[in-house]
Every structure is written in structure tokens, then in C-alpha cells.
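Novice: So the chains spell out like this:
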Amino acid sequence: MAIIYIVLAVYPLHQSMWLEPISPILIPDAGFSSSEQPKGGNGVLRAFANARAFGYYLDSGYVTFMSAMRPALAIDENHIMEMDEQSDTMFLRDAVGLSRMKIPITGYPYIAEKRLFILRQDQQASTEIDREGRLLWSREFGTPITSSSISGNISAWGLLDGSIKIIGNKGSSVGELRPADYTIDSKYPCIYSVATSPNGECIATLYGLEDQYFLVFTKKSGTYELVYKKKLAESVITSETAAFSGDGSCAIARTADGLVYYDVQKKAGKIIQNRYFGGDTVALKILPLGTDAFVFLLANRQERFAGILKRGAIEALFPVGQDAAGIATYADILAISNSSSISRYRIKGK
Amino acid sequence: MITRVKKLNNATARTWLHSSTVRICAVFATIIILLNPARFVVAQETPLLASALRTSVTFGSPVFMADGGDTFSTSAGTRYLDKGATLSIPGQNVRADGEGLVLFIKRESHFAGDMPSAAGNFIALAHMDGFISVFSGKHFIPDSTGKTRIGRDEVIGTVIGDPGTDTVSYIFQVYDGAGRVWVNPAFFISGLEDRTAPKIEELVFIGKNKAEFSIGSEKRGAAQHIAQGTYSIAARVFDPENKVMSTSGVFSFKAILDGKIILERKLDSARSTNNGLAFLGMEAPSSGLIDSKGRIILSEYFVPRGAHTLEFVAVDFSGNIANFMSRFTAD
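Which chain is which? The protein sequence lines are A and B, in order. Numbering-wise (this note's numbering), the first sequence opens with residue 1 and increments by one. Numbering-wise (this note's numbering), the second sequence opens with residue 1001 and increments by one.
Take every hint as true, because none was put in to throw you off.
Computed footprint of chain A on chain B; a stretch qualifies when at least three of its residues, placed anywhere within it, have a C-beta under 8 Å from a C-beta of chain A:
no.	segment
1	1116-1129
2	1266-1278
3	1281-1289
These are computed hints drawn from the structure, not numbers from a lab. In this text, a Cβ means the ideal position worked out from N, Cα and C, and glycines have one as well.
Same shape as in the complex, but just chain B:
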């Protein structure tokens, strides 16, 4: 059995209201939760509960392969949306985050010509509640004792660290086998402290003819004239790395046009479809949801003639908010 970290809900909160002290605390907690619901989480009975010195959640972040430099590759298949988190831990031993069964182990091939393991070595643990946790990494070596039943905190592998370092890192992903979705691993990581807001680097309207109109960003607000019509909203947003604290990852987007919400999406899970992994509830392979500039292509929307105000909001898993407002005119 593994423990899933769930956001504190009202039903859970009610059971705590037994004493006046607790009530006072609860009032404060409720206020704080209302201000920032994602930051305060409690561990319930047991799903998977990982902990690390430092975490970088990259669920929904564009992965781009360097193509002779720092540009995005223009080829299909080399860019996609990530669905994991990198956990830095002390020592070298990677431990199970919940009780489970070893479902699959991939080790280096013994023979020439075998299908390579592009992800390197990895181990997948199946847990009682249908979740599968996957541990991988370039220098990850799965445990070779042949143990099939794993208890919480049991060593399931090691990571070869660089000489002189006392921490190592590995990639952690969570798959919901029953629902056939990858779940944002941030839900399963305790003590995820992130106080840095996401960065909205670029926001553009992309027309049917692929013409792009920059609507602005945090750096440069833009007041533009565009032609009325249907546009896809594309955003380059990321949660900046922090050398001291963790990065909880971009969790939700919201676009408000003239006071009306035209787009609201969460990066809580990614569904496996025939086309590939569908993020943000959109039926497209993850490689099709980002463009060659690393922008996530969000919904299409018809922009009518007239003056408009667009507000775009990005929130990370810890509840830090980035937003900006832009005015433009559709002719």
C-alpha cells in the first residue's frame, strides 16, 4: 500500500475541529489554504510518499533535444512533454516510496544487437492501489537481489554519484495503471517547498496561416493590433530552477479575455491515448502539444473585432502565481 498525498479538503479539515485551539489553528489554516490551496498538503493513509533533499518537478515541461546548440530541434519525435520529477537524495541508495511488488526491471543488455534501453536502467514497482512508481536515471542501477516484494523505504537501487558529492539524483514517475494516466509526481512528494513563481516568457496568438502575434510576456508587455479570427494561444512558461529550494513545476494555466475565462487547464495528469500522451486534456501526442520554440500550444479561440484585455495566469504546484495583462485590438 502506498500513500498518496492529497490536498487538504473540507471533509478532512472538519474532523480536526475538536478543540478551540485546533479551531483557531484551523481558521488560520483555512485562510492560508484559500489563499494558496496547493501548498498545504497532508499525507493520508498511504499512497506513495517520496521525500528528497531537493526536487525538481518537470511534469508537463517541454523536453527538447539539443541540436548542435541550445536551439529546439525541429524534428518530430525529439520534443515532448516530460512527466517526471528529479529527486536529489543523500547517499546513493534509492528507496521505495511505498510497499509494492517489482513489476519490471530493465538492466543493461547482455548481448549485442538487443533493443537498447534508451532510458537506461529502470525499475517499476506496482502498488496495491493501482499506482506504478518508476525509478530511472542515467546512473541508476536497480537492485539485483531478486527480491520481488518491497517494503516502504527498502532499497530498490543505487545511483553512482560523482566523486566528492554526497547527493545523487534519480527520476521518479507515477503511473495510474487503472486509469491509464501518468500522474503529476508532485502529488506524491512530501515537503515540496517552492517559493519561486513561474516565468511566463512568451505568449502568442498563432493564426490559421501560422502567422504569430506576440501578446506579450512578463518582460515586455505588448499592445498590438491583430486581425479578427481564430487563434491558438501558445505559451512558453516554466518554473525556474532554484539552487536552494525545490521546483514544484507549472501546474495550471488560465487565460481571461475581457473578464471571461477562455482557457483553464491543469497539469495534473497525462492520459495514454492511441495518439500518444494527452496532456492538459488535449487529444494530441505530447510532441504535438509543443512547438519548435518550446511553447505549449493551448486552445483555439475566436477573437472578435474590437479592443481586448487578456490576462494570463500560470500557477506552480506550490501555488506561486505569475500573471500579466495585455491590451490589444482586433481589426
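Isolated chain A (complex conformation):
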């Protein structure tokens, strides 16, 4: 099986974009390791193997990979947020010097788009702090957060009650989006995924049960206008992934029918009915790649795959190990982590 994986990793099942495997990076065994030169790479690796969190830096200081599996831990290239569950205390660590600061707010850490959040223990409030640990804003949402989307200037929080709260980066309320107000005939309102475009003007969401819809809204004169509605044959009942491309020209969202690809310019969507994205998919993570492509990592009941999507088509798809847990990109590098190493691929082609 291992040989098949290696062969398929080098020669993927389908590829019009070429992925060139480059040397993997081995993760040190355990502990809060100090910086060290990674084996087979020319960067600095920080590994927190016990916590299943690790990161890899290039010599230039840019991060190529940084991820965490534990809910009580979040990391990016500069900082590590850690909730000590024994003492209910949040710490903010400087990832370079590893100096530690106590944050007087408890909850679970979440880092996205270089912004630091703390989710309250009941999953119904969020607090943003700056990198000095100062409180920026705190917001209570009323019902549990089911999904979120963070961009540089706004954050959107999908809720169990079927609404999306949109918060400015200083904590002001930018708006509340309730798809039920747009005559969407779902019997049960609930937000299953939300994605915001990089400029915050466009919001895509997977909404409702009996029936479930993929919806896209754009901001017009301070209010949100429904510009696309797709009724789905099947429904999900868990949080799903959705993302806009780096240039905001398209969006991808996982649904029970498959992946929905939405073209912002054409205001048109289509379902990518690849067998890998169907009902057996347990989890999918999608990240923007460059301007108009995406990388993804998916897990179904039997196996895990990674790949690239571009303009609504699967450009690359290949199996990865069952313990593949993280995916990240930097420049033209795709990195996939598992429990013992970080596999790296150079993305070639356009």
C-alpha cells in the first residue's frame, strides 16, 4: 500500500497541473522543541509533536506550514495560542522567542488570516485579541457558532439559528444576514458553512434543512442582495468547508451533492460531481491557491486525498496517508502534514 501511495503521489491519478515532490521534512519525536534545522530542508522547524502541532519556516522567515490538531492550540508564523485546560488559562507565546504571556480571557484559540480569536466555552461568543494580548473586541452571538470565515477586514460567523453575524475588524456590527428573510423555503434554518470574499463584499453560505441551499449574497448599498440560489438534492448536518479564491473571482463549497463551484462574474454555479466529494466524504479542507485556484485535503471513510481545483475542474488528485491532517501553501509549495513528517510538492503549470 505504501508503494502505491508513493507512486500515486509522484504520478497522481489526474494531473494537468504538475506537482513535483520535493524532500519531506521529518518532525522531531516529541516535546516543545527549540528551533532546529529540519532534516532534508533548509529552513527552521518548530515542532510540538506531543501536541500534534508543528511548523516549518524558510530561511527567509516566511512560514510554509504551521498547523495544530488540538482544539486548545492555535498557531501561525508568529504566535502560538494555547489554552491550559487544567488551569483554564490562555497563554500567548511568541513563536520565535517562545516567551509566554498570560491572557486574562479563557476559551479556545483560533487563528485565521493572521487574526487571533478566542471562542467562549459555550461556542456562542468570540473575542479578538491583538498580538500583544490586548482585547480588541468581544461579541456574544446568541446561539452556537457553526461555521466562520475570516478575512482581513471582516469576520463572518454562521450560527445555529440560521443567521450570519458579520463583524468589522474593530468589533462593530457590519450586518446580520438571515437567509430566511430572502424567502428561502427551508423548514429549519441553520448555517452549515460560510465564506467571505477577500474584500468582504461577497458571502457564500450553505443554509437550511428541508430544503438545503447554497446561497451567494453580495453587498449593495449597505445591504446584502441574494445573487445566487441553488437547491440541493441531499443535505449535510455538520459544519462544511467553503472558500473564496484569492482574487475573489470564484467560490467553492462542499455540499452533500458534491462540490459547488460558483463564478462571481457570471453569477453562475455548478456542481462538481466527483466521486471523491460525495456522501462518503467525512471532512474536506479547502484553501485558496494563488489567484483563482484551491488546494484541498479530503477524508472519506477509507482514505484521504489531496489535490488542486481550478476554474471548477480538478487539476490534480492523489492519495495521501491516512494520518494526513494538515494542508498549507506558500508561494508555489503545497505542504501536507501527517504525524511524522511534512510532505512537500512544488506546484507547476498554470
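Chain B: place on chain A using the hints.
Specialist: What follows is chain B alone, placed relative to chain A:
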């Protein structure tokens, strides 16, 4: 369809008056109900009806995060009013309290960097009458069979208990989707037996300049002099835990100044507003309704010059009453 437990009302009671025996019983029942209306409840057709060996209703109770000890955190966002109940059940299986549809399941993330589930795993069931019941807990694991239609008493998840224990506990909350309010889960729990009165630990007047004047408590009645002016009434009240019986939770407050009711509030529901959850009918996020000492900040009231008598009453959901009276003078 789920069954909501409703307080016995006169219309319901009238239908029972068919025989003299029933009439006699009804007279006694009416007397008891009049004395303690919240304790006697009957299950009507079907909303959600939970039962447990032991229940601790914490709806409206301040939640405070330990900050290196047992003090209240002074940070915004770390204190808020709870809206659930903890139910202890035998065995490990958590069962649906009414027929419903699985609306949402949150499980542990498969991938690194995903938004964490701060509340751990949880499952939300939508019921025909617009209520949503939410089951969660630190060791709660939602059912993974993929079943979407759930019947009453069907297993919806399990709780990993400590070795050697034969009961486990989980958190139970009820949301009214139509009204966009969290409802006190005590309304939906059968056999909630609580015979312990709430405790009024502290009652203070807080002036505009944040100056505090203790009006007293059960422990220490205080006769004070305060300056006339407008004050917020802040109270630290809780329903004490009982190792044997359930805790039904503080349900209502009443303040009577010089024989006139100046404040009367119920913890029956919490409304979702743009500012957050509004408890006690007050438009404020729940984190703003309690202060760093865990006191609920209640209404403002103008206290005129003169001698005054203040009576403060707290009642738990089961009807147990705590009150005290204090005399003070406004100069």
C-alpha cells in the same frame, strides 16, 4: 413532536373536576398550587420532556472563568449568564427528549487549523413545534449512525463516564427557533424536585459614580445611610447545589421598596439580540448583566430622601423562596 411541561393553569384544572373525589383533590391541589405555583407541573401533549436522576438548572446563573484561582475574571467575554441545565443520567446513553430531526452535529475536527469547537461535541435536534434541543458536554459523543429522524427516547449520543461511576452528565439547552429565545430548560424537565431555597449572598446599590452601598444579605442585615439618587440594584443570588436532590435554579427576583414593587423579573427565557443574549428582558449582552463579582445588575431606581424599607425576594423554579428586609436612610 415534543412535549413541553407547562404549569397547571385554571383551564386545565377545570377539565378534571368530574367527581367529588377529584374535586376534593383539586381543592387541595389548588391550595398547594396557590402557595407554590411553580412546583406542580403537568405534562401536556408533547413538547420536550427530559428526565434525569438529578438535575442542576443553571439558566441565568453567572458563569465565571477561574483566573488563577476562584476569583471572577475581570475581562469582558469571560463571564456571562448560563442558559442550560446539567442532567445526570444512569448509564452512558443520552436519549432524545422528544421526536425530532437532527439539525446539526459538531464533532471533533479531522484537520488541523479548523475552527475549534469550544463547546466540545454537540448535537441539536429540531422539533416539530419550533423548539431546538441542544445536547453537549465535555465527554459527550454524538451518535454517528447518520440517522436523521429521531424518535423520543432514541439514543442520540453517549457520555464517557469516569471509571467506577454508574452515572454520567450532559448539558441540556432548549432554543425556541420561532421566537429566537433560549427557554429555561426547567420547563422541560420532569420530576424536578428541589426543596432548598435560593441564597441571597449580597445586595448592593451601585451609584452613577460606581460607588457601592451594601444593603445587606441573608447573612448580614445592614442599616445604612446613602445619598439620595439613582442606583442600580445588584444582587448575587444562587440556588445552592444539593448532593441528593436537584437544583431547579433561581427563577425570579422581586424588590419592594416601601411597600411598592420596584423590580420584578423572571428568568424564563433569554432573547437573542444584536448585542447578545438579553436576559431578564434587559437589552444587554449577558456578559454585561453581571459584574466582576458575579452580581446580576438589575434595574436602576431613584431613591428619594428619607427612611426606606427594602424587601428583596428570590424564588427558585420549584417555588422555594428566599427573602430579607433591610432598612436604610437616604440623606
